[in-house]
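Please take these sequences and the hints and turn them into a complete structure.
There are 2 protein chains.
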Amino acid sequence: MAKLDFSPIADTTRRAEIVALLRRAILTGQLEPGQKLNELRISEQMRVSRAPLREAMRELVQEGVLTSIPYAGTFVIDVAAKDIIDAYSLNKVLDEFAIELAWPQRDQRFFDEIDRRHEAVKQATRALDTTRQIETALQLHGLIYEWADNSVLLETWQRLTSRLQMYFALHQRARNEPVPAEDVHETYVTLLKGADMRAAQRHAREHIDLDFEELLAYARGLEKRASKGADRPR
Amino acid sequence: MAKLDFSPIADTTRRAEIVALLRRAILTGQLEPGQKLNELRISEQMRVSRAPLREAMRELVQEGVLTSIPYAGTFVIDVAAKDIIDAYSLNKVLDEFAIELAWPQRDQRFFDEIDRRHEAVKQATRALDTTRQIETALQLHGLIYEWADNSVLLETWQRLTSRLQMYFALHQRARNEPVPAEDVHETYVTLLKGADMRAAQRHAREHIDLDFEELLAYARGLEKRASKGADRPR
DNA sequence: GACAAGCAGATTGTCGACAATCTAACAAGG
DNA sequence: CCTTGTTAGATTGTCGACAATCTGCTTGTC
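Sequences listed follow chains A and G, in order. Numbering-wise, our numbering puts 192 at position 192 of the first sequence, and it's gapless, one number per residue. Numbering-wise, our numbering puts 196 at position 196 of the second sequence, and it's gapless, one number per residue.
Note that these hints are calculated values from the structure, not bench results.
Identical copies look the same in the list; a pair holds intra-copy or inter-copy alike.
Okay, derived cross-link-like pairs now, EDC-like style, lysine to aspartate or glutamate, Cα gap no bigger than 16 Å in a straight line: (1) Lys193 with Asp115; (2) Lys36 with Asp78; (3) Lys82 with Glu155; (4) Lys122 with Glu186; (5) Lys82 with Asp149; (6) Lys193 with Glu100; (7) Lys92 with Glu213; (8) Lys193 with Asp107; (9) Lys193 with Glu113; (10) Lys193 with Asp112.
Below you can see the structure in the form of structure tokens.
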């Protein structure tokens with residue numbers, strides 16, 4: 001028998017598709033922070049009943065990108081500067097741990113995959129597709145978590161990533177500029193392929209801090225105009 | 001005006017109550033790993049329709065204590081030795097981080113609270129209430145996370161805690177013995193109140209490793225009899 | 001004009017019924 | 001005997017309607 005391994009077939013429930021649609025809308029910033037999600041309106045737009053929509057929303061609430069107030073509504077989470085700081089500082093700690101775990105696990109497939117993902121980032125950058133650029137950059141970053149062989153860690157990082165992606169998307173949307181054309185991941189990739197684990201860990205920190213400053217500035221801007229804005233939860 | 005701060009009123013949705021009921025049943029081991037949750041049966045027992053029950057299940061799936069396979073069912077997660085190892089090793093890293101963050105935040109309320117929680121553990125131990133003992137011990141442990149002032153970290157730890165509580169409960173149930181009467185938390189509490197942060201971090205690691213060995217032995221037992229057992233997902 | 005009571009509309013939470021899918025048992029064919 | 005096709009039963013996924021709750025406006029009273 002040919003040794004071909006099939007990937008699991010796609011989820012065929014409406015719920016799963018709704019989750020994917022909503023998540024995408026939130027993480028790309030099409031749904032703004034604080035915005036209320038009207039069940040009836042969305043269910044009509046998607047041509048779905050409210051039951052699977054509500055279940056999907058429940059998932060996203062637990063995922064941390066939505067927040068729900070009984071009998072009031074479900075809202076996209078608000079983004080405060082503190083949230084971004086918190087997420088980033090935790091991300092640093094997790095990164096260091098992930099690199100440590102993944103380090104001895106690196107194999108040929110790892111090196112192939114890192115190049116593949118790096119290439120995807122560069123391609124998205126050239127195409128000026130900011131949304132895709134964020135996605136691919138996070139996927140590149142996620143490689144060490146996938147190789148760390150710690151399911152809980154991977155899960156944790158994926159949750160964290162949801163928010164990071166959202167923050168970055170909001171940031172990009174806000175400044176409304178073309179993204180940097182140079183390749184900021186070159187060093188990171190090189191170090192991950194190298195022999196000095198400590199160096200890789202150190203760089204992960206510094207590299208993160210780089211983007212962080214910009215993002216934080218944006219978050220501070222958010223703080224200021226937090227009072228106005230219609231549809232917000234109390 | 002008297003400066004009295006009211007606590008938020010209780011959630012009044014059936015969904016929230018169902019989540020609490022199910023979570024408790026799972027975390028105390030009343031629902032065994034791998035067991036299937038029949039929606040119709042449970043909804044009839046709880047005198048609730050399937051809609052809020054299903055929403056509750058969706059939350060618990062995202063929380064990581066249930067797993068769902070479309071059109072097949074929702075199951076209590078299986079516990080493998082690797083899962084316990086993964087959870088614990090991540091817990092170590094998070095503990096170190098939490099202590100670091102919480103350290104400068106310690107105030108009188110912190111010291112009062114740590115004593116209060118420590119007392120609760122001792123009381124549960126004296127009462128031979130194993131379930132409560134696990135709960136209170138984890139609450140004591142969670143103090144540093146609450147004081148760390150990092151919402152993402154706290155959230156992450158709470159998710160992790162769900163599983164730890166489940167693992168411990170299963171362990172206790174399996175060995176079916178009275179719990180140790182001595183106070184294993186004495187040193188931990190003392191160190192957290194002290195002045196040497198590094199020592200506290202070091203102890204957190206070692207203390208964890210202590211319980212860990214026992215738990216892991218139990219997990220290995222689980223591995224062996226993994227093949228049999230009826231109601232399991234594939 | 002200020003304020004409380006009450007009403008109307010909109011929205012969320014819950015329900016019971018129906019549709020889609022899976023599982024297991026059985027029959028038919030090689 | 002093994003494999004494949006069929007079918008009945010059980011279970012999950014989805015729907016449309018109703019109940020509970022919230023919000024904002026109006027009304028009446030002082």
